[in-house]
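Visitor: So you can see what is in the structure, the chains are spelled out below.
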Amino acid sequence: MSNQESRIVTKIIHELVLFYQMHGYQNIELKTKKSEQEFVIMIYSAILSEDLLKQIHEKIDRERDLEIETYGWQLVGDIDAKSELEIVGHLIDEMMVEKQKQGMKLTFIRKNRYKQKKTPKS
Amino acid sequence: MTIKQFLRKKMITPIIFVILFTLSFIIDDVSTLWSGYLAILKSPSQLITDYLYVGGLGATLFNVSTILLLNIVMLNRLKVKMSGPVFAGLLTIAGFSFFGKNLFNTLPIYLGIYLYARKQHLEFRSFIIVVLFSTGISPLVSFLIFGNGWPLYIGIPLGIVAGILTGFILPALSAHTTRFHKGYNLYNIGFAMGILSMFYSAILTAFGIDYFIDGLISNDYHEILLILTLILSAIFIISAFIFDPRVLRSYPNLMKSTGRLVSDFIRDYGRAPTMLNVGIMGIISTLALMVLSIEINGPVMGGILTVMGFGAFGKHPKNSIPVMMGALLGAALTPVYSIDQVSMAIAVLFVTALAPVAGRYGFFIGVLAGFLHIIITPLAFRFQGGFDLYNNGFAAGFVAALLIPFLEAIFKDEPKEETT
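Chains D and V supply the protein sequences, listed in that same order.
Going by the numbering used here, the first residue of the first sequence is number 1167, and it counts up by one from there.
Going by the numbering used here, the first residue of the second sequence is number 3, and it counts up by one from there.
This is chain D alone, in the form it adopts within the complex (with noise of 0.2 Å):
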């Protein structure tokens, strides 16, 4: 993964914790997994109401773009009351929601789509 890529993954990371606190979800649990396909981002949380949960989808379960992507991921992380996840929404490809016994799982996937750097055969 090239710096760039980590630098707009811990971006999305930031603005979606954020997100959580902003609304009221202090209590939350976080795993990432990367591999050559995609980064993989899991937030555990208490139950979403249905409203926060519609947002999240309208926002984000959306076609990734990548024009927007290369113009507008540094104001990403930097949400308020009026502007929340707009453009977390174009750097995202699929985002999953599992309920669990005691809360709930959301699962959000970046795909790799950039051409990777050949790396000199030793």
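Honestly, the hints are just simulated from the structure, not real lab data.
All values reported here derive from a predicted model rather than from experimental measurement.
From the three backbone atoms N, C-alpha and C, an ideal C-beta is built for every residue, glycine too.
Some clues are possibly wrong.
Only some residues are given here: those of chain D computed to face chain V with a beta carbon under 10 Å [claimed, not checked]: (1) TYR1237; (2) TRP1239; (3) GLU1252.
Given the coordinates of chain D, assemble chain V onto it according to the supplied hints.
Guide: Relative to the frame of chain D, chain V by itself:
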């Protein structure tokens, strides 16, 4: 795909091209048009060079339509979908092709961005937003080639290299500058280019080269351009109702958006409400000019088309009218500035770069932002030297950077109850 589906998908931009291209040949005969077009290509083009003055209306419309065609073809070849920023980019290109952009001075900048994409191992289309707005600094290329009296064998390579270098720097710089104003300046790339223009101007000044010009403006085509803007606005409004007869029901949702970068109205609210918004923004701009008795010349036409374009990328009546009123107030209350000055007249339109400030913080803060914008714009012009056509974007960046940290500190978000 039917024609209706095709036009809906492309936000009727092919219709705009056909109208402008056809009109250019109706207005002028081929030889007049061609000689006017050559004069446009050879013009140094710094702010404010009205191509209507340089080449006449037919040649200017030919310039606008050919650049529009080039970019529409490029978008198709790159398989870029018509999003809000892309639509705004196309109309902004069309608008500024009335005063500063031509085929000759834009291509080196595109090449620079292409080389940057190659260097970063990214697809060129990933940078399409920067590409579409990048040519705001294209007068730099023209000035170095035609504006300084240098022989062409020096001017041409120098201009092309400067254009390529600018294109190469711009993607990284423009992504970075969004943080300076936190996305509250819709003309962010104009701000980034203002910084570059400032440095280029400093280099030229250090070598004793004079680059400021007196504005070259033509108001001779006011009536026909007034009719043209009203027709274009009407086409967007009528199209919105054709594509979705119930568009009025969904339109109010669009006006709830703050408009802060990166607001893609096509993605968020759909094509029909966005088309309606584009048309309404065109009507509002034109009405404002009529009420203020401002005649439409090249720069003013550029302002109208840009405002219409950003009707898909952050601007709507609710967040734009307050900043326009603030700008008018600034021009009326200050003894030095007057709405009769061209730079002030176009600032009343371009002040809408700050529309997200009103969208987020309300009417009165929007008026304040507009007021501050109108008094800083002339200073910004002297500071950047006139190679950045988006001077209002440069000015708006400073206004937003001044206001936003303060407003964020004052208007705190309501904390929510802890959820267990």
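Visitor: Are any of the numbered hints broken by this structure? If so, which, sorted upward?
Guide: none
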